[in-house]
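Visitor: Here is how the chains run, residue by residue.
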Amino acid sequence: MKKKSTILFCMFCSIMSFSQIDLESILEGGLEDAQTLLKGYVQPFAKGFGNGINGGWSSTAKAHKLLGFDIAVIANAAFVPKSGETFTFNNADYSSKLQLDDATISSAELPTLFGSKNLVDRPLLKFTDSDSNSISTSALPGSGLKEAIGYNIVPSAIVQLGVGLIKNTDLKIRFIPKQSTPEYEFSTFGIGLMHDLKQWIPFVNKLPFDVSALIAVNNIKSKFFFDTDNNPTQALEFNTKTFLFQVLASKKLSIFTLYGGLGTSSYNTDVNLLGTYSTTNNNLIPDNPISLDYKGSSVRANLGLSIKLFFLKLSADYALQEYDTFTVTAGFTIR
Amino acid sequence: MYKKMIKTMKTMKNFKLMKTVFLLFALVAFSNCEDNEPIKSELKTNTSTPIAIIGFEGQDIYQLDNTVDISELLATASSFLTAEIEQIALKLEDYSGASIDGTMTVRLGSTTLFESEAVTLTSDNTIITIPSTLRNILTLVNSGEFKIYLEGTTSIPIEDNSFKLIVTPQIRTTIEI
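Residue numbers (the numbering used here), protein chains in the order written: chain A, 183 to 517; chain B, -17 to 159.
For reference, chain A alone in the conformation it holds in the complex (with noise of 0.2 Å):
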């Protein structure tokens, strides 16, 4: 299991990686300048991996028999619209030691992570200091995936469990004990229940197919540490939790089962810079000194296709809410 859970959270964790981009100039402008730019930075990444994770609860309306059961690995790619590629920079949200450089505009469109990162589409920032001297950068660049792989997406993975109780209902558990190594720590643990609607329904519960609710919660917690040994308390933790409600409907046909829902996703990530730092010129940084918080929820529909194979399964789908999410599943069902 721990291997697994390792693999798993290797696999969450390779979407981070350092890059040679020189962000210190952010800070000239103040910690409240740096929390508001980097907030419009990564939202394309709190956005995508909250409305990823969401994918995946279930690739059927059908529920299990009694103590029937399924494993399953879940990857979710959450695309970037292109609404995700940049964000606007507005002068009247940064301080006077944060502006544009071309003094002619007030707002700009800056590369968020997931945009261009050619010189081009990034305009100067301005740095000003207490003596009017200043220093103006482009603004950050983003990571160029698109250009790369033609698509921008945000990746997320999981484990899940499904167990068929009485009554028609599933019980799905996602469940990763804390992990922790000198560089990382890890959680997440996610329920959900999805129950058989049909049956209660008079003449419905005749029809040839099936109809189930389900609602789940997830929560993800990980922690990024920079250096153990010397500065233990500096570390970068990301939050996520997730919660998702739906109306389901398949319908089996041979090996195979369509299936589809409606309902709602919401999410409610924060990441937050850790710990206690310090510069050489005594430079005043608080405890904790950043703290983005990203919420969201949209209408959610998704339509797959499932195939089982003796006790394989697999299935696609493709869920059609704030940031469109392509899911896959790999996994044993029994029952």
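By construction, these hints were calculated from the structure, which means they are not laboratory data.
One thing to keep in mind: the hints can contain errors.
[Claimed, not checked] When the alpha-carbon atoms are kept at most 30 Å apart in a straight line, the in silico BS3-like pairs for lysine-lysine are as follows: (1) K221(A) x K22(B); (2) K26(B) x K129(B); (3) K22(B) x K328(A); (4) K73(B) x K221(A).
Mind docking chain B on chain A? Use the hints.
Guide: For chain B alone, coordinates are given in the frame of chain A:
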């Protein structure tokens, strides 16, 4: 010259820990698209340097120079692709008179940026735009240090024995990081 600019750069360097953190925030390179291609960025500085002018009272000609070590600036980037000086702003500080009228010649290293330009120095910035053909200072920047020379004549003798000339060059560089 550029001591304050260097100081600014030092301050920026002091944020290295935070830089690491921001790099993490950036989450920039997905493992399947990391190409290690350098990313270009522009850097534009407007950093003023005060040059003390002492003992020039009654004179109508002056020569000043200042050596600048920009090694710290170089440390902020692996290489400079371009480096241009776009303009120089000049103003007087603590000058007892109203202004200094005259001409000025400014050289950066061996490059004359402008020669015998008519200028009126006051307590407000006088901005002199550098002709585009003379802006390239890449060699100078990559050399690690450069000297700025200021020569001038005044229409009436200088009226103060101790004041400052605030020089603010606007330098735009393109760097790869």
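Visitor: If you check each hint against the structure, which ones fail?
Guide: Hint check: 4 fails alone, others pass.
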